[in-house]
Amino acid sequence: MIDSIARLDHVTYTYPERQAPALRDVTLTLRPAEVVLVIGGSGSGKSTLLRALCGLVPHFHGGTFSGHAVVADQDTRTTEPRDLAEHVGMVFQDPENQAVMVSVERELAFGLENLGLAGSAISRLVEESLISLGLSRLRHAELATLSGGELQKVALAAVLAMQPQLLLLDEPTSQLDPVSSEDLLAAVRRLSEDTGSTIVLAEHRVERCLYLATRVLYMEDGAIRQDTDPQSFAAWAARGRRELLPPVARLFAGRLNGAASADDLVALPMTVKDARRRLALDETDVLVSADVRDAAPVAPATAAVPAPGPASSSRRAHRGRPAAAVEVRHLTAGYPPDRPVLDEVDLALWPGDLVAVMGENGAGKSTLVRHFNGMARPLTGKVFLGGTEVTSMSVAEAARTCAFLGQNPGAYFVRDSVADELDFSFAALGIASAEAESTRSMLISDLDLVALLDRDPRDLSGGERTRVALSIVSCGDPAVVVLDEPTRGMDPTHKNDLAALLRRWANAGRCVVVVTHDVEFAARTADRVVVLGDGGVLADAPVREALHGSLFFSTQINRLLRRELPGALTEDDVVWTAS
Amino acid sequence: MSPSTAQQGRTAAVGPGGRPATGGARRERWAGRPPTHGLAAAQPAAALAGIAALMVASIVIANPIQVAVVLGIILLVLVLSRRMHAAWPYLRFGLYITVFLFIVNPLVSQAGLDVLWETELGPLHIVISIQGVYFAVGMAVRLVAVVAAFALYTTLLDQDEQLAIMSRVSFRSGLVVSLATRMFPVLSRDAARISDAQRARGVELDRGSWRDKATRRLPLLGALISRSLERATDIAESMEARGYGRPGRRAWRRGRRWRTADVLIVLCAAAAVAAVLVGLATGIASFNYFPLTDDPFPDLSDPSWLVTAVALAAATLLLPGAVDTRLAIRRRAHDATLKRPSAGTPLQASEP
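Residue numbers (my numbering), protein chains in the order written: chain A, 2 to 580; chain B, 29 to 380.
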């Protein structure tokens, strides 16, 4: 019986040309069939830990490595990652950057070919991997034609085909809609249960995967601060790091109000099912509606997201106003033209709206918002920006009215420092220095850029890049701000900061549109939700109405309380009271 | 229009259980079965042989009539293989170059004896001769043929299958070609993303003089190079993690049987190459435009010309003919048997 699949012993690692270690004195033993969830903020060392477990650190990246790492009985300092590949598989964050071949089937075969398996064995394993992740219909598809979610599944299938004993997953659900995420995590769980493989999963969205874990590592500044079972981790987080917990656990942690004993904290629920059972058995307290949004700011445990102000969306309130911030009339869009992804879509967005655009992968969310600033042109129909038809202006002209932050913040960077990037944007928009100075100060303050001004934007972490790119596109003090998947790879703290900023902007009268798969973020931030699917708008309603009752595009709290407290979406929408 | 009208416009009922109806069906595309039309349905090695023959012919042959025949064959193969739409951007590029050729040709080709028109334009002495016009037309046809042959290669051949073929000779070289092929559209997408991002921050990339446009686009090049290097590093890391570079690598190919039509394609390709070689050896594939243009239709009684013509005609008729829809039907039937788990198929493989 093997007692460990991997063992790190006092590992400290520093990347080349960096001063601070990315891993600090990490000691860890991974046993067969464990599902280990790695949690931590951006730059806490999660990805580096995964790379150390497959030997890429230090072999591929270089740098300074001390301590011992033994994986599948092989010392990673003397064994190349390619030789560990038959024992360890790794799925990276960006699926587009890990595909080697042109077609799906060949991509799955690539690793197996490298392992030197016989052709017949490769055929069988490729087939089984395709089936296990529901990719059979895409077997001959070219990777260039796949969506981000499909690519993510292909990346996972390519590694699963190699049947690793240790599977490392670096934010595998970051590009997936809730349905696809559940499918993917179910496949991972099946793998662990059926084959006894050890899974190490680095993920920010704990509500999606904490229930799967048998063990949780919490990392901070390159060191493992917590290494424990999920219940003990929840008990620890409930005492001061509640943003790390799933919403249902936060709900029950909030009930204890700091007066709880260790025994009380040990049984926090991780899933809706657990929470429902706890509620049914509870005879002392009940949950009632808090009407938080109308009455008070949100609870401190989830950071201060200001409540919607008077400018927030209400259909009746906008009747009779002269112009919508964005108006879409009979929009048909997408490629190829005979199969448009959006078909005759109508939509109006108003100043002060904070709208979340949701829908499954490939539903046309990005396609829709790319029409708001003229980046995409309609096949038929019209789009108006501030009352002017978008096709009558260039994208650069529209930039003064509509800020657009795409999915790749790195695409905005063409200068060597953040300060230069801001200057470049002001110059491009033709904004005079006096006006530029005040806007610049406001952006630096709003987006907390003071410490970043002299840094090269390409060297920043994911969350920092997003903030800098958002400042770059907002130099024109735009009336409309569009963000496409801004929370991808963002830790809970930065997510809450972003939510607070967007709420402030909406309260100031801007129309803010966020394309997101993150239901919890949408529920906490938006006041209106547009759900796309089947070529059109499936739902367009205030956030509570749109998300309430949905099976997948719904929050944990709503799933828990949809019958008792309809419309409750987050733990801040309800309070405990004595029964 | 008010939001409520917008809602009425396209707001559909949310599906059972509150789950929105999926939009996946709208994105249905070919992906679950291999191509079944024309040369695209042939064995990759056979298709590669056919395309290689056409490429050789389009590059080597100088006789404009023969080149025109080759161009006709290539276009026919593109149509039969349903790749004309995909190949159109390449052909359009070839036509632009052709126009450029017509404009530049009078400035550089002044050896024609039958002068139609000549003039002085500043320091330039422009001469348009009958031979110069013939030369421009001949070169244009040849250029379009070469571009069309390249388009055929790019749009019709599965790059992974090419890699599998090349693996027998040199896997690393094949992988470089495959990666370059895969990365080209990714690079192109990156360039589009960066351009879009710059437009979204207010940079006018498409207005002003060419000098203004070039000045504004120059910083994008640095960003693109930086992005490409990042991507290359990530892919190299992924390859290493998936065992690339281990000894004992084996190339895997889907088990497809060779059919009569596949063999026929290879024979046609061989015949076409033979015709080209005979033409080169006898000089009838070569052609002179200056100072006097050769007759593109030489004496029919010349036996060497007849041999080449017959071979070329055979290839012309057979290459597209070998890949008609009957092949496609057979291919589909063959793939159906592959999917059926019966003894001897790759799906009934032994344990790894």
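Note that these hints are calculated values from the structure, not bench results. Among the clues, some could well be false.
To be verified - Computed spacing ranges between beta-carbons, pair by pair:
(1) A:G64 with B:A242: 54 to 62 Å
(2) B:A242 with A:S393: 46 to 54 Å
(3) A:E565 with B:L215: 49 to 57 Å
(4) A:T333 with B:R245: 57 to 65 Å
(5) B:A309 with A:T333: 57 to 65 Å
(6) A:G117 with B:R217: 47 to 55 Å
(7) B:G100 with A:I132: 56 to 64 Å
(8) A:T65 with B:D262: 17 to 25 Å
Note that CB positions come from ideal geometry on N, CA and C, so glycine has one too.
Practice item. Could you tell me which of the numbered hints above are not met by this structure, giving the numbers in increasing order? Key: The structure conflicts with hints 1, 2, 4, 6, 7, although it agrees with all the remaining ones.
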